Amino acid sequence: MRAYISIVKLRFMLLIQYRVAAIAGICTQFLFGFVRVMVIAAFYASSTAIQPMSYGQTVTYIWISQAFLGMLPWNGDSEIQEMISSGNVAYELCRPIDLYNHWFCRAFAQRTAPTLLRAIPLFIVTLFFLPEKYSMQPPNSLASFGAWILVTIGALMLSCAITNLFNISMLWTISGDGIKRLLPAVVMIFSGMTVPLPLFPTWMQPILRILPFSGLVDTPMRFYLGNIKPSSIMPFLFHQFIWTFVLILYGKWLISRGLKRVEVQGG
Amino acid sequence: MMAIAHFAITFIDFIGVWVLFDRFGAIKGWNLPEIALFYGMIHMAFAIAEAGARGFDTFDSKVRTGEFDRILLRPRSLVLQIIGQEFQLMRIGRFTQGFIVLCWAMWSLNNSLSFIKVMLIIISILGGTFLFIGLFVLQATLSFWSVQSLEVVNMVTYGGVEIAQFPVTIYDSWFRKFFIFVVPLACVNYFPAMGVLNKTDPLNSPAWLPWVSPIIGIVFFILALQVFKFGVRHYKSTGS
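Protein chains in written order, with this note's numbering: chain A, 675 to 941; chain B, 255 to 494.
If you are wondering where the hints come from, they were derived from the structure by calculation, not from laboratory data.
Computed from a predicted model, the values in this text were never measured in an experiment.
When the alpha-carbon atoms are kept at most 30 Å apart in a straight line, the in silico DSSO-like pairs for lysine-lysine are as follows: (1) B:K431 with A:K807; (2) A:K926 with A:K854; (3) A:K807 with B:K282; (4) B:K453 with B:K282; (5) B:K371 with B:K282; (6) B:K431 with B:K453.
Bound conformation, chain A alone:
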């Protein structure tokens, strides 16, 4: 267990160093968030119908999902991909720890360090320094805030499981480009990053609810906004947990299959 904690710690420390990249990331995400907020503002201004979420809630949704973009499983660990394509993954197999768990710890650091660097400044700016029209709202209540923290942790674990699956899939492809492109697109749309899920057509809601991706962004958002009462947290935590569990099991099975067929070339 101590080995895993130190893996996480080391990788986390390393990733926290990338401050310049973080600043660039913050600017990019701020711009994208701002564009999306403006577009949503224009849409809301064009219709008088009652919407599933109020304008202010939607703006908050957009900002927080941008802030937590780093936590979304939109990419894999590039070092792991390197290792696999160069064959150095053979060294990893010689280590006395389970490879899946090892990679999971790396994913955990990858999904937390960059996020922390970006989320905190973005939160501060959008909560306090934007005009009312575009600013983020504080959480609905203390209980909502607490619920949000819990489901965010759930989202983090789910994200690590998906990220790890992505890493493992690299054992099968040479350049991995196809999956590398497809995964972020699928994740973005079905998690609520591109468009908040409540705004999707009503007939799509059940499908979106069942898919694992809603647990990544949409579920935390609903609790933060008070859209769902904090007391109903159990079914959602369960949804996240079940998917995380299933994806971890699948990942472990996949990695043992994948390693059997790895050919290490020479030298």
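With chain A held as given, fit chain B onto it using these hints.
Positioned in the frame of chain A, the structure of chain B alone reads:
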């Protein structure tokens, strides 16, 4: 597989737009087919630029490793070489999707599709391509001074595509002005589209503007090239 993935990705992009229209019906007086026109045009322009100019994207690594020196020594046009280096056929995905969306837009707008209008669309797509390539060139030029391809320019390229998907009238005035006068996305997308749609421009632009503004994209590219050449002249190799 790559092309399919790329197609699916940009298609998923449009689903996002469609969802919003399904819910709200219109955006500040514009309906979905009109947005599809903007969307199709800008994505096609960007797809072509992306396919050709990714060589400039990896430019910073070439400067760092010194490989740029090798390219300079070759007796062929510098810019053409860099463009050719990373021509990626897989970008076909975004192009195809833009094309399909554009065709759907033209079909649903019930527009009298005159030859002149089609030419206008083609020219504005070309203008947009030049604009984006110009931006990629600027991105490469920045690496002369900071040896890191600045993500800032990505904000204007990828961000620019997202911004130009919608008519600039929906944005605040200061934001709009930036994308008309500084990074002239509106000139290669919004204004020509006004000519195609035959709509009275809420911004009260002159009637001849749609036909002339795509040229701004080409002008931008030429300016970017000058900056690039300036950078090359003052290039100091990182050595080895």
